[in-house]
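*Asks:* Below are the chains, spelled out letter by letter.
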Amino acid sequence: MHLILFIVFAGFCLAGAVNLLIQTHPINSALSLIVVMTSIAVLYLLLGAEFLAVAQVIVYAGAIMVLFTFVVMLLNAGREERTLGSRAAIVVGFPAVVALLAVAATVILHTQGLGTAAMRDGITSTQELSTVLFTKLLLPFEVTSVLILIAILGAVALARPGDGERTPGE
Amino acid sequence: MTILPFFLWSLLKVIVVTVVMLMSVAYTVLLERKLVGRIQNRWGPSRVGPFGLLQPLVDGAKLFLKEDLVPTAVYRPLYLISPVIALGCALISIAVVPFGSPSVIGPGGFHFFEISDVNIGLLVILGITSIGVYGIALSGWSSNNKYSLLGSLRSSAQLISYELALGLSLVGVVLRAGSLNLREIVESQGARGILSWNLFGGFQFVAFFIYLMAAYAETNRSPFDLPEAESELTAGYHTEYSSMKFAMFFMAEYGNMITVGCVATLLFLGGWTSPFGNLIPLPQNIVVLALLPIFWFVLKVFSFLFLYVWVRGTLPRFRYDQLMNFGWCYLMPLAILNIVATSLWLAYK
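Quick mapping for you: the protein sequence lines, in order, are chains A and C. Under this note's numbering, residues 2 to 171 are what the first sequence spells out, in order. Under this note's numbering, residues 48 to 396 are what the second sequence spells out, in order.
So the derived label-pair ranges between C-beta atoms look like this:
1. A:19 x C:58: 27 to 35 Å
2. C:392 x A:130: 20 to 28 Å
3. C:87 x A:19: 54 to 62 Å
Short derived list, chain A residues pointing at chain C, Cβ under 8 Å:
4. 51
5. 52
6. 55
7. 58
8. 59
9. 62
10. 64
11. 67
12. 70
13. 71
14. 74
15. 127
Residues of chain C clear of chain A, computed beta-carbon distances all greater than 12 Å:
16. 106
17. 158
18. 338
19. 345
20. 354
21. 371
22. 372
Worth flagging that the hints you see were computed from the coordinates, not collected in a lab. Even glycine gets a Cβ: it sits at the ideal position worked out from N, Cα and C.
Could you build the full structure based on these sequences and the hints that come with them?
*Replies:* This is the structure in structure tokens:
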């Protein structure tokens with residue numbers, strides 16, 4: 002049962018990713034990305050990480066991708082023009098990608114100490130997750146939040162009108 | 048449990064719940080038309096059937112038989128799929144709502160009054176709501192109409208802004224119950240009837256107020272129904288839709304209202320538990336024992352829907368900047384303060 006679900010949703014995930022590249026209209030690409038995100042959420046669920054799965058749907062598929070589609074809708078971006086691409090990209094690019102992937106795969110497969118994750122019925126409770134998050138992984142967690150804070154400050158600084166731009170009404 | 052009985056039972060539950068849900072959607076529309084009519088000192092629908100009770104069926108038949116127009120300049124794939132997304136998301140979230148006592152168990156440890164008992168039921172509902180935004184956003188864009196686009200932009204911006212306040216307002220309740228499981232949240236407030244509801248005994252009335260406001264905005268209902276402001280945007284995101292496609296958006300709106308009412312009932316009003324607690328002795332008859340919790344649940348959801356219509360009939364519409372200002376500058380800080388206060392109180396206890 003697990004294996005069937007895994008194959009189906011891994012298939013969805015890959016199909017979405019390929020479709021993302023093939024589609025010429027940006028909104029179709031954005032929608033394929035949503036398919037990818039939600040299929041990954043199901044894969045998380047198969048690994049027993051239910052909180053992570055729903056967080057993936059709410060944060061990535063729900064919030065971030067809505068912003069993507071918003072931008073596409075507001076800019077009214079049209080269809081891309083299909084070009085054949087330069088010959089250099091085909092001659093050098095594809096072998097380079099294959100080589101890179103091969104190297105990365107070999108390195109990962111030969112790394113010692115990586116456990117295998119098994120698909121299971123068991124569920125990691127929210128309590129266990131937060132215990133790990135606030136004890137073992139406290140430093141990375143806090144550093145990430147500082148990173149997000151910096152991003153927010155940057156956005157505010159960019160969006161704030163300069164001294165000369167203020168309208169008299171404000 | 049073996050797979051076949053499980054599958055058949057689940058299928059039966061899904062069919063029954065979906066039919067009940069669709070019927071309630073139809074009769075919520077009638078409830079709204081009747082109530083708003085009385086508020087405006089007229090009768091509302093009264094010709095079809097006794098007290099106009101057959102009106103929803105006639106309306107449904109009318110919408111089925113109408114001509115289905117598709118404008119020529121629309122982006123077809125998305126135009127066709129967005130009502131499906133909207134209605135699908137509105138109907139799916141009822142799957143995790145427990146609407147009756149879990150102590151009534153069928154053969155093989157089978158729960159009658161809940162399609163599935165998910166550990167993180169509350170988050171699942173929030174997740175499905177956040178996907179439902181796409182139905183509205185894409186319908187406006189793919190219609191290729193400026194009113195539709197503006198309506199859908201307003202609506203999605205409003206949904207994203209208020210989802211934050213909505214989610215944060217629920218954290219206080221989750222902190223008190225110590226669980227995201229809807230059944231456990233209800234059981235945490237069932238001890239002393241109305242006094243142990245999160246709304247009163249749990250001192251979550253601030254959270255309930257925030258939830259109420261955010262829920263009205265989430266479902267695009269008056270006084271926050273700006274996406275459909277007739278005077279500015281004709282019909283908003285569904286301007287270009289006709290026949291059943293329009294009906295699907297319509298049903299999605301009322302389905303969302305019912306879901307929001309169910310969540311409010313489960314989280315703040317004690318779910319299926321009796322408001323009198325143990326003051327009234329429980330009946331011994333098994334059928335009554337099974338149906339009484341459902342009665343309380345339906346009554347609570349009904350009063351929530353009644354409040355929805357009452358608000359619609361009495362309050363004028365906000366302006367868009369007021370709406371955004373209210374959401375970000377008042378509701379969200381208030382929700383965060385509520386979380387801090389609840390956590391401090393729980394730590395002190």
